[in-house]
Every structure is written in C-alpha cells, then in structure tokens.
Amino acid sequence: MLGWQDRFQKGGCGVPFKRSGLDRHRIGNEDGVSLTGSIVRGPSSTLADESAELARRAQTGDVAAFERLYHAHASHVRAICMRLCADAQRAEESAQDAWVRAWERLATWRGEAAFGTWLHRLTVNVVLESFRAERRRFARVTLAEDDDDVDAPVPAGEAGDAIDLERAIARLPRGARTVFVLHDVEGYRHAEIAAMTGLAEGTLRAQLCRARRLLMEMLDR
Amino acid sequence: MINHPDDQTLSDLLDDGLDPAERAGAEEHLAACDACFTRLQRLRMLVANASSLPRVMPAPAGEWQRIRARLHAAGSPAGRAPWWTQRTALLAAGLALVVASSGVTALLVGGRRDAAVQQTASTPAPAALTPRLAALEHEYATVTRDLERQLAEHKHMLAPETVAAVERSLQTIETAIAEAREALARDPGSETLARLLVAGHDQKVELLRHATRLVTQS
Numbered sequence: 001m002l003g004w005q006d007r008f009q010k011g012g013c014g015v016p017f018k019r020s021g022l023d024r025h026r027i028g029n030e031d032g033v034s035l036t037g038s039i040v041r042g043p044s045s046t047l048a049d050e051s052a053e054l055a056r057r058a059q060t061g062d063v064a065a066f067e068r069l070y071h072a073h074a075s076h077v078r079a080i081c082m083r084l085c086a087d088a089q090r091a092e093e094s095a096q097d098a099w100v101r102a103w104e105r106l107a108t109w110r111g112e113a114a115f116g117t118w119l120h121r122l123t124v125n126v127v128l129e130s131f132r133a134e135r136r137r138f139a140r141v142t143l144a145e146d147d148d149d150v151d152a153p154v155p156a157g158e159a160g161d162a163i164d165l166e167r168a169i170a171r172l173p174r175g176a177r178t179v180f181v182l183h184d185v186e187g188y189r190h191a192e193i194a195a196m197t198g199l200a201e202g203t204l205r206a207q208l209c210r211a212r213r214l215l216m217e218m219l220d221r
Numbered sequence: 001m002i003n004h005p006d007d008q009t010l011s012d013l014l015d016d017g018l019d020p021a022e023r024a025g026a027e028e029h030l031a032a033c034d035a036c037f038t039r040l041q042r043l044r045m046l047v048a049n050a051s052s053l054p055r056v057m058p059a060p061a062g063e064w065q066r067i068r069a070r071l072h073a074a075g076s077p078a079g080r081a082p083w084w085t086q087r088t089a090l091l092a093a094g095l096a097l098v099v100a101s102s103g104v105t106a107l108l109v110g111g112r113r114d115a116a117v118q119q120t121a122s123t124p125a126p127a128a129l130t131p132r133l134a135a136l137e138h139e140y141a142t143v144t145r146d147l148e149r150q151l152a153e154h155k156h157m158l159a160p161e162t163v164a165a166v167e168r169s170l171q172t173i174e175t176a177i178a179e180a181r182e183a184l185a186r187d188p189g190s191e192t193l194a195r196l197l198v199a200g201h202d203q204k205v206e207l208l209r210h211a212t213r214l215v216t217q218s
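Which chain is which? The protein sequence lines are A and B, in order.
For the first sequence, the positions run 1 to 221 when this note's numbering is used.
For the second sequence, the positions run 1 to 218 when this note's numbering is used.
To be clear, the hints were calculated from the coordinates, so they are not data collected in a lab.
Quantities reported herein were computed from a predicted structural model and do not represent experimental measurements.
A couple of the hints might just be wrong.
Said to hold, decoys possible - Footprint (simulated), chain A over chain B, 3 or more residues, beta carbon under 8 Å:
{"no.": "1", "stretch": "4-15"}
{"no.": "2", "stretch": "43-55"}
{"no.": "3", "stretch": "179-189"}
Unchecked claim - Not close to chain B: a few residues of chain A, all C-beta gaps over 10 Å, as computed:
{"no.": "4", "residue": "ALA52"}
{"no.": "5", "residue": "GLU53"}
{"no.": "6", "residue": "ALA58"}
{"no.": "7", "residue": "SER75"}
{"no.": "8", "residue": "ALA86"}
{"no.": "9", "residue": "ALA95"}
{"no.": "10", "residue": "ARG105"}
{"no.": "11", "residue": "THR117"}
{"no.": "12", "residue": "GLU129"}
{"no.": "13", "residue": "PHE131"}
{"no.": "14", "residue": "ARG132"}
{"no.": "15", "residue": "GLY187"}
Here a beta-carbon is modelled for each residue, glycine too, at the ideal position from N, C-alpha and C.
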C-alpha cells in the first residue's frame, strides 16, 4: 500500500509538503521594482544593496533618499497593509503610518537585516498596533475580548458565488485573517507570529486552522 | 468505527506541528482514506496558492506627498538614538498620552513643571524650531481641513450623541493645542512643549480620521 506522502506525490499537485524556507517576508528580495524603475526578477542583491545605501543616506536626514526607498518598496508595504486590513482606506492610513514610523526609527536599522526585511516587520507591527488600539477603543464600549468581534461576520454569499482567494482572505474575520496572512502568505513562523501578536501558540494554530477551513468553504461555493 | 483526523490535525500536519505519535497515526489514516487525503490535498493547494499571491500592489496616487508632509512633523532621523533610550522622547510619549487632558496641559503652561520636565525644557532646541513648527502647523491644518470637510459633509449619518462626543473631544484637543501654542510663545526653546503641540495635532488627526472612517463606512 502506498504511504500517504507517496500517494500525494503520485497524485501530484506539485506542491512541496514543507515550506521552502524562503525568506518571503523580505521586501525586495524577490520580484520587485528596482530603484531605477525597472522590474527586478528573482533575488535582487542589487535592490537590497541600493536600499541599504539609500537607507544609510536617509538616516542622515536625506529625504530624497527616503523618497527613493519609498518608490522601491511602496507596493510591498501596500500589499501587506491591504491584506491585513482588508480595507483600502485603512490600508492607506496604515501604510502612511508605517512609512512615518520607518523614518522616525531609521536610526534603529543597523544593516544587520536587509532594509526590506526590517521595513516589512515594522509595517506588520504598525498594522497590529492599530488593531490593538481599535480593540481598546471598542472594548471601552462593548467589553469585547475577542478581536474578531470588531469584524463583520463572514458574509454568507450566495450559492455559486465563486470568489478568488484574495477576496476570500479579505472576508475572513480579522483574527483568522491576520494569522493566515502572516503565516501562509508572508511566511512567518508560528513563534514569530506569536511574538508579534501576543497570541498563545495554541490560539494561533486554531486561528490558522479556522482561516483555512473558512477559505476552503468560501472557495468551494 | 473510523476516526478521521479533524481539520486541526490536518492543518497541524501540514505545518509539521504534530508530535511523532500523532503524525504516525494521521499518516496511517491518510494512506487508507481517500476523503481525508483529498481534504489534505486541497488544504495544501490553498496554502501553496496563498504563498504564491503577488507581493506587490500599486500604492495610491499621491501617497508619497502625504507621507512627506508628515515626515516634516517627525523631524530628521539624523543622529536619533532609539526612542527608548531618549529621556526626552519618553517624557514626550508620556505627555502625549495625557495631551487630551487640558488640566494637565494647564499645569505645564502655568509654570508648575516638575523637575524632569524642567530638565528637558532646558535642552538646547534646534535653531530653526519655530519656523519649522509654523510650517508644520500649516501642514497639519491642511490635513485636518480635508478631514473636517469630509466629516461635515457626512456627519448627518452619525447619531447626534456620536457627533456631540466627537465635538467635545475635538474641543478638548483644540484647547490643549492652543495652550501648548501659548506656552511655546512664552518658552520657544522648549522641545517638550513643541512635542506636546505636535502630539496634540496628532491626536486631532487621529480622532478626525476615526470619525471620518465611521461615517464613510456607515
């Protein structure tokens, strides 16, 4: 009898069982827009080097250098904010907050991690902080403890209402969406997400499972 | 009776999060159960598709201009130590938390500062602080004017109690801003008061943003 992994490979959807280990949450290390505006395919040490140089110049107060960093990384920051917030206006506010925070904290970037990696983590933290702030405001009114309570329930949709994965993610309750985006889209590990969100590992795993189950249901409609 | 692994088990299996015994049991079941095997495969496809989503989305037009306006408020990062090592920043952060309290602001502007605040205020201020603050206030005015216009256009969509609460909060913040501005006029070298003024403006922008979001989403 075939083992289940043998069956899987034989069935062949071509997806590796374990994550590749690629450092996905490093802005600018994959396809992206170079600082000169051209599309960069594959790992881009040039982009990382250029970003590092620009970040060092920005640390001295060079706004023009920071603007070039913005143009190189804005689309990545936007994607993170949009997926976590699932709301265009809120994503724009979060992205702006992230860039201002990056400017304020530039002195803390020492070049040990790629600038894109540092910026990515900072952006995620800015969004999560805004969630926590909203939860505190909301809690004063409702005493709600579950982050998901501030979200609208998952819309039922209609039979046959097929939606793509992006839209399905946006429909997830916030807690499940956050964990799913950080883990399955951005590639953070459980321990990293637990540190960023303050969730216990068990809660995190349950949220991830919930997100995957809800997504499969939505995509099956 | 067949014990099919639940979704949590399949999800954990996918993440390599089961202990060896649980994993062995799940694998044994999956080797024999088409339904569970198919479900795991679909789960795996979902995760693979998620990790393949595009990493970029176009940023909105004009975003950089809006960010640049706020960078001036933040000042230059040059030579800035991590904020947690800065006494001034810690004081400013603490003060920002209470900026909405005009009573506390009154203490500051009334000359009854405590020793820590006095020490910070004696720190030499950047030479161009006053012109910079003036430019900064102008930028804040532009941002808040837009938000206030949006709010005014849609405030009929909010409950009267909510409108009243927003207006009361705005009044409190504006009072604090005005008092900080007056105190700065008397003590233009005080970086603490400058930060207090900026924190007041930040609070106002944040409140207006929140209220605007309420009306645009209602």
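Each hint tested on the structure:
Restraint check on the stretch 4-15 of chain B versus chain A: 6 residues with Cβ-Cβ distances below 8 Å, three needed, restraint holds. Here's how the stretch 43-55 of chain B fares: 12 of its residues keep a CB closer than 8 Å to some CB of chain A, so the rule of at least three is met and the hint holds. By the rule of at least three residues with a Cβ nearer than 8 Å to a Cβ of chain A, the coverage given for the stretch 179-189 of chain B is violated, with 0 such residues. Every CB of chain B lies more than 10 Å from the CB of ALA52 of chain A, the least distance being 15 Å, so the non-interface label holds.
Non-interface status of GLU53 of chain A relative to chain B is upheld: no Cβ of that chain comes within 10 Å, the nearest being about 16 Å off. Its beta-carbon lying about 7 Å from the closest one in chain B, ALA58 of chain A breaks the requirement of being farther than 10 Å from that chain. The claim that SER75 of chain A lies off the interface is violated: its Cβ sits roughly 4 Å from the closest Cβ of chain B, which falls inside the 10 Å cut-off. Every C-beta of chain B lies more than 10 Å from that of ALA86 of chain A, the closest at about 12 Å, which supports listing it as non-interface.
Its closest Cβ contact with chain B, about 7 Å, brings ALA95 of chain A to no more than 10 Å, contrary to its assignment away from the interface. Distance to chain B contradicts ARG105 of chain A as a non-interface residue, since its nearest Cβ pair spans about 7 Å, not more than 10 Å. Once the 10 Å rule is applied to beta carbons, THR117 of chain A is consistent with being away from chain B; the minimum gap is 13 Å. The non-interface label for GLU129 of chain A is consistent with chain B: the shortest C-beta to C-beta separation is roughly 12 Å, beyond 10 Å.
Its beta-carbon lying about 14 Å from the closest one in chain B, PHE131 of chain A satisfies the requirement of being farther than 10 Å from that chain. Once the 10 Å rule is applied to beta carbons, ARG132 of chain A is consistent with being away from chain B; the minimum gap is 14 Å. At roughly 7 Å from the closest C-beta of chain B, the C-beta of GLY187 of chain A falls inside 10 Å, breaking its exclusion from the interface.
In summary, the structure is inconsistent with hints 3, 6, 7, 9, 10 and 15 from the numbered list given earlier, while agreeing with the others.
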